[in-house]
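Here the protein sequences come in this chain order: A and B.
Mind the numbering: the first sequence is residues 18 to 104 in this note's numbering, read in order.
Mind the numbering: the second sequence is residues 845 to 1138 in this note's numbering, read in order.
To be clear, the hints were calculated from the coordinates, so they are not data collected in a lab.
Only a predicted model underlies this, so the values are computations on that prediction, with no experimental measurement involved.
Heads up, a few of these hints could be off.
[Stated by the list, open to error] So the derived label-pair ranges between C-beta atoms look like this:
| # | chain 1 | residue 1 | chain 2 | residue 2 | range |
| --- | --- | --- | --- | --- | --- |
| 1 | B | E1018 | A | P43 | 14 to 24 Å |
| 2 | B | V951 | A | G75 | 46 to 56 Å |
| 3 | A | Q28 | B | P898 | 51 to 61 Å |
| 4 | B | P939 | A | T97 | 53 to 63 Å |
| 5 | A | Q28 | B | A1030 | 25 to 35 Å |
| 6 | A | Q28 | B | R888 | 19 to 29 Å |
| 7 | B | D1072 | A | E23 | 44 to 54 Å |
| 8 | B | L948 | A | D92 | 55 to 65 Å |
| 9 | B | D927 | A | D65 | 44 to 54 Å |
| 10 | B | R888 | A | E41 | 33 to 43 Å |
| 11 | B | D1092 | A | R35 | 23 to 33 Å |
| 12 | A | T97 | B | P1043 | 42 to 52 Å |
Just so you know, even glycine gets a beta-carbon here, dropped at the ideal spot from N, CA and C.
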Amino acid sequence: MNGRCEAEVRQALRTWVRRYATVEVPESFDDHTPLITTRYLTSLQVADLLVYVEELRGEGLDVGALRPGVFRDIDTIYATFLAGGCP
Amino acid sequence: MSDPAGLAGVVGLTWAESGQATLAGPLLDLAERLDRRFVALARRWQAAELRFPPCIAAADLERIDYFRSFPHLTTFAVCLDADEDNLGRFAGGEPVNAGGQVTLTKVASVEAVLTPAACYHLYAHHRGLHLDAAAYFTTRATCFRRETHYRPLERQWSFTMREIVCLGTAEETEAFLEGATADVDALAAELNLVLSWAPASDPFFRPSRHPKYLMQQVDPTKRELLFDDRLAVASTNLHHDHFGRAFDISRTSVTGDVVQPVHSACVAFGLERWLAAVVHRHGGDPAGWPEVGP
Chain A
18 MNGRCEAEVR QALRTWVRRY ATVEVPESFD DHTPLITTRY LTSLQVADLL
68 VYVEELRGEG LDVGALRPGV FRDIDTIYAT FLAGGCP
Chain B
845 MSDPAGLAGV VGLTWAESGQ ATLAGPLLDL AERLDRRFVA LARRWQAAEL
895 RFPPCIAAAD LERIDYFRSF PHLTTFAVCL DADEDNLGRF AGGEPVNAGG
945 QVTLTKVASV EAVLTPAACY HLYAHHRGLH LDAAAYFTTR ATCFRRETHY
995 RPLERQWSFT MREIVCLGTA EETEAFLEGA TADVDALAAE LNLVLSWAPA
1045 SDPFFRPSRH PKYLMQQVDP TKRELLFDDR LAVASTNLHH DHFGRAFDIS
1095 RTSVTGDVVQ PVHSACVAFG LERWLAAVVH RHGGDPAGWP EVGP
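Bound-form chain B, shown alone (with noise of 0.2 Å):
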C-alpha cells in the first residue's frame, strides 16, 4: 500500500489494499455534511436530483467512446454463464483460491460496467430528449477506476463523486461553469482550503495521437481544482456537444429558430479528496475540523 501522507491512521477510515475505503464516525459525517453543501450548490440552478443504479450499459459507454479512450480504467460487471452445469463446476471447485483469486469458469456475456463517472447516466438517461430551456441535474455515484496504485482517500479503485450538470446551449453551459467555479472557490475560502485551479487533460489510453486528447490540448476544456499543487478534489468540464451528439440530446436555440445537438458541461466533486484535503490542512482531530453545515 502506499501512503506516503499518512492518511491511512485517520480516524474512521478503514483502508483495504485494493484500493477502497470504508468510512465511519465523524469522517462519514464530515463526507455527508460536504456533500449536502456540493447539494445546495446545486440548488443555485435549481438542479433535479437523480440517483442511478451502480453499472451502466456497456452500449452506451461505447456511443462515447469510453473503451478506446480509457480501456485502463474499465471494471466490468462480469457474471458466471447461468448454464447449471456451468455454475456446478464453480461452485464445485476451488471458487476463491489462497491468493484471493476467483477461479471463474465460463462467463455470460459482459453487457455493463461499473460506473467510471457518475454524469455519464445523465446522458443516457436523457437520451432522445429535447430541451427548449437549459436544464441542470446533479447526482452522487460511487465509481470505479483501476489504476496502477492506490493511496487512501486520494486515490482509489472505488470513490465518490457528485455532479452537477448543465444541459443547454454553448452559452448556458459557459456561463454554469463560471458560476460553479465561483461558489466553488467560495467554499474552499470558508472551508480554508488553499486551493487553486490548473488546465487538466483526462488520462487517456495511449494518448500522443488520441484525438480527444489532442483537442484538449489545442482547446482546453477540463480545469481541475488543486490541493497542494497536486490532488484534485473538483474539475470543470466543457463538453461541447459531445454528449449531446452521442444521446441525441437537443436545445432549441435561444432564437428559437434552430435546433441543434445540446451543449454540456459539469462539474465534479471528489469526496474523499475533499476529505483528505480537510485532514492535510486541518489534521485527524475532528475537533479541528472546520464548520461545513449541517
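Isolated chain A (complex conformation) (with noise of 0.2 Å):
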C-alpha cells in the first residue's frame, strides 16, 4: 500500500468518495456508509474508484474476480482489498 497505514487509507478514500460522488456527501458520511445504494457512485465512479484502489494497493486487482458487495462502503473496501499493509 505504498507505506500508507490503515488510517491513511481510509481517509484517502474517504477523500476521494467526497470528491467525486454524483450527488453530495452529507457530513454523516462514515465507513459504513452504502455508496452504490445512495447514488453516491454510479458506474463511472465504481470504474475510476478501481483504478484509485489498484493506485493504493501498488498493484492491478483481477476484475473477473470482483465479487458482488465488494464496494459497498469504505470498510468493505478496505478489508477487501486494502488491509494487511500496515504495520
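Dock chain to chain to rebuild the complex, using the hints, since each chain is given by itself in its own frame.
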C-alpha cells in the first residue's frame, strides 16, 4: 500500500468519495455508509475508484474476480483490497 | 445454421439462415397466448400499454451510452441518399448481387437503429416527465441484436420482447421486481417449466474495463430466469436512476419534499425463448402443450 497506514488509506478513500460523488455527501458520511445504493457512486465512479484502489494497493486487480458487495462501503473496500499492508 | 436442439423442425416454425423465425399455426397461437399471460401480469400494476415504432433514434441510445456498450449488437436503419443520380446509380446497377449482398451507393446519414430492447422507447418517450407516484407501463417490440451465431427460437437476430416497466422511487422499483419475480415463478410452475433465477450481466463490448460491466460485477442488478440452466427466458433489471438521469424523468419523494431522478426497473420476456422452453419440456406436438389460457 505504498507505505501508508490504515488510517491514511481510509482517509484517502473518504476524500476520494467526497470529491467524486455524484451528489453531495453528508457530514454523517463514514466508512459504513453505503456508496452505491445511495447513488454517491454510479458506474463511472466505480470504474475510477477501481483504478484508485489499484493505485493505493500498488498493483492491479483481477476484474473478473470482483464479487458482489466489494464496493459496498469504505470499510468493505479496505477489508477486501487494502488491509494487511500496515504495520 | 446451428440447431443442436432440433427446434428447426417444429411445426409452425420456418427458420431463416439470417437468424429470423416465421411463426404460424399452433406455434403462433401459443406465442400470442403466452404474451396475453404476460400482459395479464402487467395488469397487477395497472400498467399502461404502449406500442412503439420499430426504430429508435440513435441520439436517444447515445444518451444511455448504448453504442460504446453494445456496438456489436446494433442493427442500423440505413437508407440511400435521396439524390436522384445516387438513386439512379443504385437502381441501374446490381442492387443485390448473386451472394444476396446489397450493393449500396451513397447512403443518407444514419440516425435510427432497429430497436434493441423494448423498454428503451419508454424512457425516451417519457423524457422530461415528472411523477408524483409510481408509474407502470408495458410494451412489446420486435427487437434486433446481431450475434455471432443463431439458433431457432433460442438466439435470433430479430425476436419478440415483452416488458413491464416501473418508474418510481428506489423502494418502489425493488418492490415491483419482488412482486414480478413471484408472479413469473407462479406462471412457470403453472406451465410445468423448471426454471431457475441466476445473477447475470449484459454482454458488454470489451467488458473487462467497461464501467457498467464492473458495476454489474460489484452491484448485481440483473437476474435471468434460466431454462435448463442455460436459456434465459426472462430477466429482471434494476436500473437505479440511470434512465431517469439520462432522460430527465423525475419523481417526488414519498415524503413529498425532494424531487430526484426517477428510478426504474423492468421485467423482460423473450417470447420465442418461452416457445423453445415449452417445446423442449413438452414436445413438438401441440396436443402435449400446457394450457396457457385464452
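Hint-by-hint comparison with the structure:
A hinted range of 14 to 24 Å holds for the C-beta pair B/E1018 and A/P43, which are about 22 Å apart. At about 51 Å, the CB distance of B/V951 to A/G75 agrees with the hint of 46 to 56 Å. Checked against the hint of 51 to 61 Å, the C-beta distance between A/Q28 and B/P898 comes to roughly 54 Å, which is consistent with it. Between B/P939 and A/T97 the CB atoms are about 59 Å apart, so this pair conforms to the stated range of 53 to 63 Å.
Against the hinted window of 25 to 35 Å, the Cβ-Cβ separation of A/Q28 and B/A1030 comes to about 50 Å, which falls outside the hint. With their beta carbons about 49 Å apart, A/Q28 and B/R888 fall outside the hinted range of 19 to 29 Å. A hinted range of 44 to 54 Å for the beta carbons of B/D1072 and A/E23 is consistent with their spacing of about 48 Å. One distance hint, 55 to 65 Å for the beta-carbon pair B/L948 and A/D92, holds here, with the actual separation near 57 Å.
Between B/D927 and A/D65 the Cβ separation comes to about 46 Å, which falls inside the hinted range of 44 to 54 Å. Checked against the hint of 33 to 43 Å, the C-beta distance between B/R888 and A/E41 comes to roughly 37 Å, which is consistent with it. About 26 Å separates the C-beta atoms of B/D1092 and A/R35, a value consistent with the hinted range of 23 to 33 Å. With their beta carbons about 18 Å apart, A/T97 and B/P1043 fall outside the hinted range of 42 to 52 Å.
In this structure, the earlier hints numbered 5, 6 and 12 are contradicted, and the remaining ones agree with it.
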